[in-house]
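Trainee: So the chains spell out like this:
Protein chains: 2
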Amino acid sequence: MLNWDHMFATRSSKMRASEIRELLKLLDQPDIISFAGGIPDPALFPAEAFQAAYTDIFAGNQVNSALQYSVSEGYKPLREWLVGEMAKIGIPCDVDNVFITSGSQQALDYLGKLFLSPKDTALVTWPTYLGALQAFNAYEPNYDQLSVTGNRTPGSYEATAINMGGRVKFAYLSTDFSNPTGETVDLAARQHLIDMADEMDIALIEDGAYQSLRYEGEAVSPILALEIARKGSIEETRTIYCGSFSKTLAPGLRVGFVVANTTVIRKLVLMKQAADLHSSTINQIAIAHVAERHFEAQVAKIKAAYNARRLAMLAALDQYMPAGTVWTRPEGGMFIWVTLPEGMDGADLLSHSIKTEKVAFVPGQAFFADRSGANTLRLSFSCANEQMIDEGIKRLGRLIAGAIAEAI
Amino acid sequence: MLNWDHMFATRSSKMRASEIRELLKLLDQPDIISFAGGIPDPALFPAEAFQAAYTDIFAGNQVNSALQYSVSEGYKPLREWLVGEMAKIGIPCDVDNVFITSGSQQALDYLGKLFLSPKDTALVTWPTYLGALQAFNAYEPNYDQLSVTGNRTPGSYEATAINMGGRVKFAYLSTDFSNPTGETVDLAARQHLIDMADEMDIALIEDGAYQSLRYEGEAVSPILALEIARKGSIEETRTIYCGSFSKTLAPGLRVGFVVANTTVIRKLVLMKQAADLHSSTINQIAIAHVAERHFEAQVAKIKAAYNARRLAMLAALDQYMPAGTVWTRPEGGMFIWVTLPEGMDGADLLSHSIKTEKVAFVPGQAFFADRSGANTLRLSFSCANEQMIDEGIKRLGRLIAGAIAEAI
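Protein sequences, first through last, are from chains A and B.
Sequential numbering of the first sequence, starting at 0, is according to numbering that gives the first Met the number 0.
Sequential numbering of the second sequence, starting at 0, is according to numbering that gives the first Met the number 0.
The following block holds chain A by itself, in its conformation from the complex (with noise of 0.2 Å):
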């Protein structure tokens, strides 16, 4: 066999398979209570509304312009749709400012492309969602942690990226419910974060993939609508905005879209005319079809589904849960973030629990770009029922208590 290492670039390095995704597929099993996967409930998708909507391009006229090739910036009317949701949640824009993707993951791969030289660094915070890292990896970034309330001054940054060789380029976070930790960021954190970016004249990544997922609270602001409201029009913005229909109408389209000034938009354009063209012409139809007649009935069925496993996953947590172990208490989106008392490992105990609780779930680290947190693990409650919750969080305690015993 050929040795390939030599021939490919240096970003190739970058780019490893993650123990936790190969260790996730041996775990779908049907005996196993799954906590681990992020991804939406199946049985919830709006598959009625997604087959009225193909079989009306095909019944239509415009089965031809479905399946041809299309403009890189995405279907008109469903950016026109996006342009009135977006007003909505206090960001005026217009259609040139909206450009769909293939999933909010193709946004955030983009973004890395648009920014990132290699040495360059990337503000996240510890942790952050894998997919950004796994994104941005490609670039060959460093990381720098982002703190949201406002601990770090930006000199402190601007010194650590200078001496890493690079200069800030950008925060990415996670505004609402995030994954992996559930928590959102507040109000005067958000608008620190502009003070921030001005500060030091970087791009602000907003990703609101959960953020129409609210089961509690007052909606926050998004950061680009804060920003907008200050500086009066979103041309002189630097908060991007990324979003996505995986979680509300369907991932298996990949449709999903980004929201920013038409400098930024035009720049990812061009990306993705040279990258793949375009996102898919009839699933962008088909999203649009859903997404007009359909988008608040279906938002409404999935949140009071997910509040439901939601208030389960809490109550057994206090319930079963011992003495050291903390967690968060998610508004919204689909998942729990545990803290295990100090020198514990979510993955030694993921293999413990494997054998013998049968409850899956993700350990920590791998969402941390310095690969500490190990005694942290993600619970998702969007794909299990309350009588499964229950079940699995009672095994998980049970293991946990376990292992806390033994250790002392």
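Please keep in mind that the hints were generated in silico from the structure rather than gathered at the bench.
Be a bit skeptical, because a hint or two may be false.
In this list, chains with the same sequence are indistinguishable; a pair is considered to hold if it fits within one copy or across any two.
[Stated by the list, open to error] Each computed SDA-like pair below joins lysine to any residue, with the alpha-carbon atoms no more than 20 Å apart:
hint : residue 1 : residue 2
1    : K230      : A158
2    : K393      : T324
3    : K118      : S12
4    : K302      : C382
5    : K13       : E139
6    : K118      : E139
7    : K118      : P321
8    : K118      : E385
9    : K13       : S116
10   : K354      : A400
11   : K118      : R10
12   : K13       : P117
Please arrange chain B on chain A, whose structure you already have, making use of the hints.
Mentor: Here is chain B on its own, set in the frame of chain A:
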């Protein structure tokens, strides 16, 4: 408005709007006869077969998985079908050698990303597929002129690449009825390319996007088939074969594929996981559904239609083109390549043509990595009927004859 230029990665300076594409947007007028677009004729799409595919997906028990996330390597039944097709063209391989992309454009982007560090050299023909240059540009390579007939020695490529600060990483070529020239690389040249790649220890990227569309003459074995025949197994080969359903079934679903050794395929799968997770699940299922039932009949249908147009265009060129103008005689595909007398400019001709004769085509310069070839142009016969072709070529001949007369 913010100044973003200093915030972008160095690669972003390579991302420019194609003047040609911008110009062609203006040509979407009903009174223009267009030989410009390199797109399939939508009237030939197997729309009923796709309608049946989506109907079956929603009628069956596959709905939820069609709408859900899926694996990065692609839908297994589609990859299995491709294994069968590959066997027919002399490429014995396994399902693990097949990787599904969002169109073959994405394969070119990923291969650029996998192989090219800045200043590495990509060997491409002069002219080559414009989309390949656009995809590779993001990775900041140098280009050198690939001689498919062996007029250059490996040493001359290597010396130039080292001078430019990198090394040669791959040779890219479209083997059959290439975009833009319509020409096919003969068997001796294919064998020579394998020798050359072996000697230089580089990859060969074989773009087979048009390979199914042969209208006359004998098929030439793919380079990958020849290399497997020499070396005994696909695992020992350095040729990476890229294919597409865009020219045979429909481009709007964005489904293409790569066939290669598993070392390269595994890297591409990791890359896709980080870049967009996977190609649309529902569209991969639909493509598999249509391919399994209708591929041969569909290819036969479009070959008959395109061949009639090809013959009409060749006959019209014979009849109307003035002396001093030469063109290729493709045995398949969608394109004929015209070379005007030295000193003439295809872009000038196009701007005259739009004003006077109302015929559109693509000036050839954009297809040359060194921006030479000003006196060339690409004609596509895929989307015009025989009568339009005769009328359009008549007008074009008149225009060129006039321009030659003026220049004398």
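Trainee: It remains to establish, for every hint, whether it holds in the given structure.
Mentor: Here is what the structure says about each hint:
1. Neither within a single protomer nor between protomers do K230 and A158 lie at most 20 Å apart by alpha-carbon distance, with minima of 28 Å and 54 Å respectively.
2. Taking CA atoms no more than 20 Å apart as the test, K393 paired with T324 passes inside one copy only; the shortest distance there is 14 Å, against 81 Å between copies.
3. For the homomeric pair K118 and S12, the shortest alpha-carbon distances inside one copy (15 Å) and between copies (18 Å) are both at most 20 Å.
4. With identical chains, the CA atoms of K302 and C382 are at most 20 Å apart within one copy only, with a shortest distance of 13 Å there and 48 Å across copies.
5. Taking the closest pair of Cα atoms, K13 and E139 come within 20 Å of each other both inside a single copy (7 Å) and across two copies (18 Å).
6. In this assembly of identical chains, K118 and E139 lie within 20 Å of each other by CA distance both inside one copy and across copies; the values are 6 Å within and 16 Å between.
7. Proximity of K118 and P321 under a CA criterion of 20 Å is satisfied in neither setting, with 43 Å inside one chain copy and 57 Å between copies.
8. For the identical chains of this complex, K118 and E385 are neighbours neither inside a copy (46 Å) nor across copies (56 Å), given an alpha-carbon limit of 20 Å.
9. Taking CA atoms no more than 20 Å apart as the test, K13 paired with S116 passes in both settings, with 14 Å inside one copy and 13 Å between copies.
10. In the homo-oligomer, the alpha carbons of K354 and A400 lie at most 20 Å apart inside one protomer (16 Å), although the nearest pairing across protomers, at 81 Å, exceeds that limit.
11. Taking identical chains as interchangeable, the C-alpha atoms of K118 and R10 lie at most 20 Å apart whether they share a chain (11 Å) or sit on different chains (14 Å).
12. In this assembly of identical chains, K13 and P117 lie within 20 Å of each other by CA distance both inside one copy and across copies; the values are 12 Å within and 16 Å between.
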